[in-house]
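With these hints in hand, go ahead and build the complete structure from the sequences.
There are 2 protein chains.
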Amino acid sequence: MKVEVLTNNEKRDVQQKIIAKLRDLIEYKNLEPGDKLPSERMLSEKFGVSRSNIRESIQKLEFYGILYSKPQSGTFIADIGRVAMSGMMEDILGLEEPDFKSLVETRILLELKTVRLAALRRTDEDLEAMRSALDAYKSKVLNKEDAVEEDLLFHLAIAKASKNSSMNTFMLIITPEIITNFEKYHVCDSNQSFKGIQEHEDIFQAIKDQDPKRAKEMMKVHFKVLYQYCYHSDN
Amino acid sequence: MKVEVLTNNEKRDVQQKIIAKLRDLIEYKNLEPGDKLPSERMLSEKFGVSRSNIRESIQKLEFYGILYSKPQSGTFIADIGRVAMSGMMEDILGLEEPDFKSLVETRILLELKTVRLAALRRTDEDLEAMRSALDAYKSKVLNKEDAVEEDLLFHLAIAKASKNSSMNTFMLIITPEIITNFEKYHVCDSNQSFKGIQEHEDIFQAIKDQDPKRAKEMMKVHFKVLYQYCYHSDN
DNA sequence: CAAACCAATCTGGTTAACCAATTTGGTCAA
DNA sequence: TTGACCAAATTGGTTAACCAGATTGGTTTG
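Taken in order, these protein sequences are the chains called A and B. The working numbering numbers the first residue of the first sequence as 380 and each following residue consecutively. The working numbering numbers the first residue of the second sequence as 380 and each following residue consecutively.
None of these hints come from the bench; they were simulated from the model. Among these hints, one or two may not hold up.
One copy or two, either will do: identical chains are not told apart, so a pair holds if it fits within one copy or between any two.
Unchecked claim - No more than 25 angstroms apart at the CA atoms, straight line, and that leaves these computed lysine-lysine pairs for DSS-like: (1) K517 x K587; (2) K542 x K599; (3) K449 x K563; (4) K396 x K519.
The structure is reproduced here in structure tokens:
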């Protein structure tokens, strides 16, 4: 068979088409939760694509909790009904890459919450981790070196201390893109970093004192420059 | 070579070990952003695992934005520094499956924001989509049928109208687990559903009127029963 | 007649072979 | 000396072959 090399975009297109076809198939065959999908081989033949493509698409839908695979058995519809599944697939197909504004908006939302939770739930170990991340950040800034990474690690330490696994994961997901865009748009200049030290210290102290209200307030101050990128009204 | 079939847990273990080894390798070789990783073949030999395992681990790290692959060229360290990368890998290794409380906490956080944004940014098309989702929900409830899916689709329509791709994606990610747990713990009983109709109508009306404050307030009312699962103080 | 058993078949997962684009090191001409 | 050029080796991506566990339908046995 002819082997083709696809660009990332073409690959995404193929996957979207397969997902759409799977949705149509499920609709057409009236497959319900627990029902078995046709085998990967059969699907690859039916859709005229390679089995790898089918497998990747199935894995994506597994990630979103719509399907699940049992080894040596088959791939099944998850325990959500047909209506929800069809709607979710539609949404997944309509998803687009997040723009910078979305990222910042989401980051602010997440961090104003994680910092409160961290103040409520932090252990002594969490405190130590934050302290050392903060110290690393300080020494970099005082040496006038770039400290974007250390900045970020401090914020991730807070997310970890929030004891909320979902938010922690989501923070990890958006973080690299935030960094990339920060560097691209030069969001952080050096005198900003000096101010950042005191702001970080304030946040740390509030978490240490287990004062969620102040922790959130300090985080808000820290994010003030970001608000210009994302007009944001207080809740 | 001997072929082994692994359980999902064992598979996750293998991946974690590979990621840990990759972190050690990057540390040891002092690889910096833009540097090339050894080839997949070499890594698979070095770590004593199959190339597929290596590929999956690399793809996971690509998902988190730590690595990127160029076809016919190699896999490279992304444009985040060594410190950040090492810290992020540590966090990824430490991630655990989110519990129900985390999910609910995150859902409430996300939805109180998406509903505000939807009120500010919704188009007429968004409004139509929400309307039809809401009607589907109503007719199910009035027929005394289970309407968890339709409920959910209404909320996803709101997320879509928020025009924030990140939050939309995150809502999609947590939704199936929320459903599963709802059904497991019987969070929604039937008389709850009747009350839900009016609450949904209120939310819809507020979004239609482009009144973000009321939209958020109505959503809060809607989530009142959820608060018992997740002691949640107002911000 | 029902339950236990068994072998053929089907399945997702795994490994190996293959492909074409990209690098790369060296060669040759200007 | 330098720049263009080319062929061989390397690479991630793709396809095909293979594996062992699960399913299934028929057969046998109590």
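Okay, the hints, checked on the actual structure:
| no. | hint | in the structure |
| --- | --- | --- |
| 1 | K517 x K587 | within (18 angstroms within a copy, 48 angstroms between copies) |
| 2 | K542 x K599 | both (21 angstroms within a copy, 23 angstroms between copies) |
| 3 | K449 x K563 | between (44 angstroms within a copy, 21 angstroms between copies) |
| 4 | K396 x K519 | neither (48 angstroms within a copy, 31 angstroms between copies) |
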